[in-house]
Amino acid sequence: MRERILPRPDMPLHGPYDAVIVGAGVHGLGLAYNLAKRGMTHVAVFDKSYIGSGASGRNTTLIRSAFTTPEWITFFQESVRLWEGLSDELNFNVMFTQRGYLILALTEEKAELCRRAVPQQNRQSIPTRLVDTKEIKTIAPCIDTTAVRVGILQPTGGIARHDAVVWGYAAKAQKLGVEIHPFTEVTAIQVADGEVKGVDTSKGSVKTSLVVNAAGGHSPEVARLAGVEIPAKTYPLEAFVTEPLKPLLTPALICLETLTYLSQTARGEFVGGSEVDNIPPSHSIRSTFGFLELAAERVVQLIPALAQAALLRQWAGIIDMTPDLGPLLGEVEGIKGFVLDCGWGGYGFMASPAAGKLMADYLIDGVKPTQLVPFALSRFKENKTIREASLVVLMPEDEKPTGRAAAT
Amino acid sequence: MAKKIICLCMDITDDDIARAIEEGFDHTETLKRYTAVLMGPCEGKVCAMNVLKEFARLTGKTAGELRVPTLRPPLRPLPLGLLAAKRD
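Quick mapping for you: the protein sequence lines, in order, are chains R and H. Following the numbering used here, the numbering of the first sequence begins with 1 at its first residue and continues without gaps. Following the numbering used here, the numbering of the second sequence begins with 1001 at its first residue and continues without gaps.
Looking at chain R on its own, in the form it has when it is part of the complex (with noise of 0.2 Å):
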């Protein structure tokens, strides 16, 4: 007989637990192996459906440190150390390539923000570099470099699997001893005298006096049964994937202005997706053919050679993203106990490494790690909150961010 890699659905509950986990993608499972391998192995992961099966499945998992504030730099740089190790750490394949990472910039704006992070980058250890057009096409011809004006290449930047990511803490955290409930709903988080006590799930009630919402695109309803409402809205976000070509393209790409993402992953397939306008708050995974046509178009527009590549296959995630676009990390204010590890929007995949060992590191010495400070629920009531200019993301005019200013 195999050795079992995923949890078994009919375990039955084995409380009080020192810590209950929200959402068992690479968020929840990833904290789960970290607190176990500082010692606090009674802890339990819920999901409601399988493993993986929301944002951690569904992204294009790009990994990249080379932002423009040093808050982002300095928590991401923290993700791709870790992410250098994290096969050998969890004897488990994660296919983590440093192919690169290239960021391309269209116009003078993108360029001049471009040109200011590099100096950033470096000083944060980022071994990052302005690439101009004729190096752009050295590092992949097949770019149509025409539009383009510079970019940055962070040659520590790549891509991995993202669901081995998953199997792989899943199997680890199961190992050092956590209990991983699939198909298992959490319907109450139990709060009294303004402490966490424990929580209703679809296999009955267990005591706990932590509980850690690392929902991704559920999050905000999984804060409201703790009674909290968190400032993060839900939006679907579209990715598809070619039939498998030769080796065209080593880096993976992003685009600051047309907000499209694509990598050629080992087996050959492209996988992408672009930023489309106007799409409200919803749950929706449904594929739209209008992703499609402006993926497809943005897509040729950088690499012309992919117009006779098949797409196979469209899908659809959902992300929580708050109003600076940045994650929620730390307890909640007033309730003992109730942690927030979510509003990643289109950065959680990347950050899992990272935002696993701190926040592990800091539930279990009850001090925060220096990277998770800025980004605590109460900078939205302090004015604190941080402009990150160059994310891949599409707000609603509405939402657009009102943080400060890059600080580069």
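Honestly, the hints are just simulated from the structure, not real lab data. A virtual CB, placed ideally from N, CA and C, is assigned to each residue, including glycine.
Here are some of the chain H residues that sit facing chain R, going by a computed Cβ distance under 10 Å:
#1 Arg1019
#2 Gly1024
#3 Asp1026
#4 His1027
#5 Arg1033
#6 Ala1036
#7 Met1039
#8 Thr1070
#9 Arg1076
#10 Leu1078
#11 Pro1079
#12 Gly1081
#13 Lys1086
Each computed BS3-like pair below joins lysine-lysine, with the alpha-carbon atoms no more than 27 Å apart:
#14 R:Lys197 with R:Lys48
#15 R:Lys203 with H:Lys1061
#16 H:Lys1004 with H:Lys1061
#17 R:Lys384 with R:Lys368
#18 R:Lys368 with R:Lys207
#19 R:Lys336 with R:Lys37
#20 H:Lys1061 with H:Lys1003
#21 H:Lys1053 with R:Lys48
#22 R:Lys246 with H:Lys1045
#23 R:Lys368 with R:Lys197
#24 H:Lys1061 with R:Lys48
#25 R:Lys110 with R:Lys384
A short list of chain H residues far from chain R (calculated; beta carbon distances all over 12 Å):
#26 Ala1002
#27 Lys1003
#28 Thr1013
#29 Val1068
Using the hints provided, position chain H relative to the given structure of chain R.
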């Protein structure tokens, strides 16, 4: 014994399916992601019945009890250039 190919696009055999189930990928959605059945160029149109029947047999379920993964659009592979063409 001869190999029995279940998924022609990805060369997945009945043994591969059995092994995946033993490893805990005993739900159609996780089986799909682990073995890549239903995700080749046929998008399941050739393999889905084979996969579901074999999966049902190995797990002691009836095909009707299984959650059938969503058939993703487009119905047939389409060149990006065709999708990108401007509508007149």
